[in-house]
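A.B. asks: Residue numbers (this note's numbering), protein chains in the order written: chain A, 1 to 348; chain B, 1001 to 1312; chain C, 2001 to 2328.
Simulated from the structure, these hints should not be mistaken for laboratory data.
There could be a bad hint or two in this list.
Simulated crosslink set (EDC-like; lysine to aspartate or glutamate; CA at most 16 Å straight-line) [stated by the list, open to error]:
(1) B/K1139 / C/E2172
(2) C/K2215 / C/E2108
(3) A/K153 / C/D2234
(4) C/K2027 / C/E2055
(5) A/K153 / C/E2233
(6) C/K2271 / C/E2297
(7) C/K2085 / C/E2108
(8) A/K307 / C/D2213
(9) C/K2051 / C/D2087
(10) C/K2215 / C/E2152
(11) A/K307 / C/D2154
(12) B/K1246 / C/E2055
(13) C/K2271 / C/E2301
(14) C/K2181 / C/D2213
(15) C/K2028 / C/E2285
(16) B/K1139 / C/E2165
(17) C/K2105 / B/E1011
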Amino acid sequence: MRKILREKARELILIGVIIVIGIIVTFIMPAFFSQLNIINVLYSNAVFGIMAMGMMLIITTGNIDVSVGAQYAVSGMVVALVARATGGEQPLLAILAGMGTGMALGLMNGLIVAKLSIPAIVVTLGTLNIMRGTLNLITSGNWIDGLTGPFAKFANLRLLKPINGLGVIHAITGGKGLMVFALPLAVYIWILVMVVTYIFLYRTGVGRDILAVGGNKEAARRVGLSQTKAYLLAFGYMGMLAGLASAIAASKIKIAQPSNGTGYEMKLIAACVIGGTEFSGGVASILGTLLGVLLLGVIDNGLVLTKVPAYWQELATGVIIILAVGSSAFRTMKPGGRRAIKSGGDRK
Amino acid sequence: MKALFQKHRNETILASIFLVLFVFFSFASRNFFTLSNVMNLFSQMVTLAFLTLGMAASMFSGGMDLSIGAVCSMCTVLCATFVGTMGMHTLPALLITLAIAIACGLFNGFLIGYCKINSMLVTLGTQSLYTGIGLVISKGVTVSIPLDRFALFGRTRLFGFLPVEILILALGILLAVLMFSYLIPGRRIFLIGANPQVARFAGINIASNILVTYAFCSAYAFFGAIVLASRVASGRADVAAALVLKSVSAAVFGGVSTLGGIGSMAGAILGVAVIQIVTNGMDMMNFSTYLQQISIGAMLLIVLAFRHRKRH
Amino acid sequence: MKKLVAIVLTLILALSLICVANAEGEKKGTIAVVCYVTSAPYFSFGESAAKATGEALGYDVIWTGTTEVDTPGLISIIENLIEQKVDAICLASGDTTSVVPVCQKAMEAGIKVVTFDLDIEPEGRDAYAGLMDLSELGIPQVESIVASIGEEGDVAIVTGVLTNELLQKRIEYCEQYAAEKYPGLNFVTVESMDEDAEKCYEVAMNILTAYPDVKAIMSNVSTGVGPISSAIEDAGKIGEVYACGQSTPNLAKPGMASGACVNAVLWDTAKWQSWAVTIAANLIEGVDMPVGKLSIEGFDEGERLEDNIFYYYETFTFTPDNINDFDF
Chain A
1 MRKILREKAR ELILIGVIIV IGIIVTFIMP AFFSQLNIIN VLYSNAVFGI MAMGMMLIIT
61 TGNIDVSVGA QYAVSGMVVA LVARATGGEQ PLLAILAGMG TGMALGLMNG LIVAKLSIPA
121 IVVTLGTLNI MRGTLNLITS GNWIDGLTGP FAKFANLRLL KPINGLGVIH AITGGKGLMV
181 FALPLAVYIW ILVMVVTYIF LYRTGVGRDI LAVGGNKEAA RRVGLSQTKA YLLAFGYMGM
241 LAGLASAIAA SKIKIAQPSN GTGYEMKLIA ACVIGGTEFS GGVASILGTL LGVLLLGVID
301 NGLVLTKVPA YWQELATGVI IILAVGSSAF RTMKPGGRRA IKSGGDRK
Chain B
1001 MKALFQKHRN ETILASIFLV LFVFFSFASR NFFTLSNVMN LFSQMVTLAF LTLGMAASMF
1061 SGGMDLSIGA VCSMCTVLCA TFVGTMGMHT LPALLITLAI AIACGLFNGF LIGYCKINSM
1121 LVTLGTQSLY TGIGLVISKG VTVSIPLDRF ALFGRTRLFG FLPVEILILA LGILLAVLMF
1181 SYLIPGRRIF LIGANPQVAR FAGINIASNI LVTYAFCSAY AFFGAIVLAS RVASGRADVA
1241 AALVLKSVSA AVFGGVSTLG GIGSMAGAIL GVAVIQIVTN GMDMMNFSTY LQQISIGAML
1301 LIVLAFRHRK RH
Chain C
2001 MKKLVAIVLT LILALSLICV ANAEGEKKGT IAVVCYVTSA PYFSFGESAA KATGEALGYD
2061 VIWTGTTEVD TPGLISIIEN LIEQKVDAIC LASGDTTSVV PVCQKAMEAG IKVVTFDLDI
2121 EPEGRDAYAG LMDLSELGIP QVESIVASIG EEGDVAIVTG VLTNELLQKR IEYCEQYAAE
2181 KYPGLNFVTV ESMDEDAEKC YEVAMNILTA YPDVKAIMSN VSTGVGPISS AIEDAGKIGE
2241 VYACGQSTPN LAKPGMASGA CVNAVLWDTA KWQSWAVTIA ANLIEGVDMP VGKLSIEGFD
2301 EGERLEDNIF YYYETFTFTP DNINDFDF
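Next comes chain A alone, as it looks inside the complex (with noise of 0.2 Å):
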């Protein structure tokens, strides 16, 4: 029991602030915790949460790209216009389509920074700046509206009904049922992709030779491990996620600008490394990474339903960022204070 305390420390002290927090709203507002608003929660968080998965890859292997907003917003004109084309009657093709563009601009990132051995941080620079001039350039800032059919419908699909058969049920939900399973597909996609790179982390070979590389890239490299196919792996799933990510989007709200993304990559960092994974490499919490996302999110909506004025958002969102990094950071401190410190010159 001890142990399980010590090694998921971390996870246990977000799953306590996220109920503090959850406590706390629900106290000044009731609706908090209705099945309406737990679900919005999930819903809104799925794009985030399915592109954490990805920066979480991307981390471990001891590197960080900031080019994930124009690569999501490069992706989802690909599936607009898809979609415009196709009169959303081919969900399925247009949800390809953006995935294969994400995971194209991916793989240029992946094979720059693993064949220049320039720090990925400033390549992704690069190729943000590359990629949204050129975006910007094709479009004119025009973006893709009107997107109709079963397309426009498969992010909120609900597959499952509600539960609604006791009496006992009928009266605690107001009449509404156990929505527990009837979620939108897109958080179910969500689950998927979150089993899905689970697998691909822990249970595959390259999935362990990730790992592996970002944790030491020497011992690495001479136990024969092909950083470059790390990182092609890594860039190359994360870019097909933020394709993924784009077409949820792009059905949830049936627009696709060019200028969307702007900003994810700090959030979406900032979830990962909250959730316990290390810049320094090697170390992935898919559970963390989760539970950042919804630290973030259960934040965001909090503030709105407290009826917080807007202005006052960001100030919280970084108090509490900074509150979460600094107390979990207290924790994996040895007695004495002391960290200890990775060589390999990465960042501190």
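Position chains B and C against the provided structure of chain A, taking the given hints into account.
C.D. replies: Chains B and C alone, transformed into the frame defined by chain A:
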């Protein structure tokens, strides 16, 4: 002479690129090679230059100060509120704002140096924090400064043509180059960035040096802010947000490494100068801002590729 | 190394010769149209219209601006235009004061400065090519609320960004006008969508949860009604809550089809830019435009008021009946 060239190879190449571009744009656009445009060119880059110098300092130490844009924006809000809304005299307003900026830097440094939390993570949080403070003070509105006040740093020209902010930048560059290329505190920070274990064995107090580094970053963000606030005669909580990534690009372009320990202030400034001249020159040639964006991204990658090849 | 230098120099020479050789056609001059956020459809839709109008009047048109909100960048662009000695600058700025110094420099250099969208301090411009009185711009939006839900009820406002002066002024005027004419309307909150359609959807969802009694969500920018309607549909509140306020017709169409929106307003943003270009051209040529009703081709209701203000009064109200007649 040749030895000097070899030692400062990176800076020399950057300076040459700058000169080549200068010549190119002078021919390509009839309005480029005028005194007033050249003065514009330099005065337009002042804020970004200050932020880049500050960012470079944090990068030398092996980290990255992402909150530098937020500190800058917050300082513009503070200056505008003090001078504009509250009618304070300029000097006390500046001193108070500088003090607050340094306090922000010390807070960053404390969390990074003493609590040993990752710098990107800390500054991601403090970025929201400082932006938020700016938003709350200004209630989200742009705070304006009456046009006849606070004009010194951004709207005054000496001898009819020399913008004051260029002089301020020159002083800032001098100080930065002095500190980081010649003085001991600067050399210490480089060592911390290059190899923290060796630094520790050498008896350097890493924590206090990190404090100094991040205080320096925020101080330079302040200087950038007063020029910015003066130029636009107002303060706004998000005015410098986009400059953070730009300053990282400029610093890296100038040879500063994100891993720490490598680079120079002179290189960082030249990085800003090259990016600035491309932007200004392309404006003069009426190239779309989208093309400018693509060019800067491409330039960054090309320069990096070149440097990589030279090293291998 | 020497060879490299030689090649590079030759390339430079060749390129610069090509550029200089681009002789200009027989144009009366150059008008620059500068927008403070060129990636917003609100402005980008107007690019071709502005260029077409300018060229029809005999001018070269430079259409530029900052991609995102970037006040120092905007000032740099104007400075560079001054250096290029354009004849007129039509400017849509994000706030009323920060560009005044540089605009004054432009005026001193003999360049005509015409503002549109948001006006700046009068000493910084030669003319304001406006649509109508800013306070009155809030009126169609409030009327849109009333047309959707009647004269009583809780209303939430979703705005583009918090730091934009024009948007804030419009909200103030909305609230003032409603307080006078429709005291039964109760504005419960103002939330920001940060210019992002996805965030707008989320914000709308949050409003629906936090304010269960809200009857209308009014969008203060032309990009809000679409996502707000989606949110109302997905929350199953069609008929209980309405999206209203400003919208481009294409964005409002899905909402009108589903019933989440019954009334939206806008003006032709492209035409506004044409208006600014026309006024600028007239100023350059010294065409006499006396105070009072003007007879400018294409703008039937054009009028000049005191203080160099020009209005052309053309707003649209969209309803499910007429929405399919429009396509922008």
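A.B. asks: Look at each hint and say if it fits the structure.
C.D. replies: Going down the list of hints, with the structure as the test:
Taken as a hint, the B/K1139 and C/E2172 pair is honoured in the structure, with Cα atoms around 14 Å apart against an allowance of 16 Å. Between C/K2215 and C/E2108 the alpha-carbon distance is near 52 Å, which puts this suggested pair outside the 16 Å criterion. As the CA atoms of A/K153 and C/D2234 are separated by approximately 10 Å, the hinted pair is consistent with the 16 Å bound. Annotation: proposed proximity of C/K2027 to C/E2055 holds, straight-line Cα distance about 9 Å (limit 16 Å).
With a CA separation close to 11 Å, the supplied pair A/K153 and C/E2233 stays within the 16 Å bound. With a C-alpha separation of about 12 Å, the suggested pair C/K2271 and C/E2297 falls inside the 16 Å cut-off, and the hint holds. Between C/K2085 and C/E2108 the CA atoms are separated by roughly 12 Å; this keeps the pair inside 16 Å, and the hint holds. A distance of roughly 15 Å separates the Cα atoms of A/K307 and C/D2213; the hinted pair therefore holds under the 16 Å criterion.
Restraint check for C/K2051 and C/D2087: satisfied, since their Cα atoms lie roughly 15 Å apart, inside the 16 Å limit. Restraint check for C/K2215 and C/E2152: the C-alpha separation of about 9 Å stays at or below 16 Å, so the hint holds. A distance of roughly 15 Å separates the Cα atoms of A/K307 and C/D2154; the hinted pair therefore holds under the 16 Å criterion. Note on B/K1246 and C/E2055: the hinted pairing is violated, with a Cα-Cα distance of about 36 Å set against a maximum of 16 Å.
Between the alpha carbons of C/K2271 and C/E2301 the distance comes to roughly 13 Å, so the proposed pair stays at or under 16 Å and holds. Distance hint between C/K2181 and C/D2213 is unfulfilled; the C-alpha atoms sit about 22 Å from each other, more than 16 Å. Proximity of C/K2028 to C/E2285 is assessed by CA-CA distance (about 9 Å); at most 16 Å being required, the pair is judged to hold. For the given pair, B/K1139 sits about 12 Å from C/E2165 by alpha-carbon distance, which is consistent with the 16 Å threshold.
The hinted pair formed by C/K2105 and B/E1011 fails the criterion: a straight-line CA distance of about 36 Å is larger than 16 Å.
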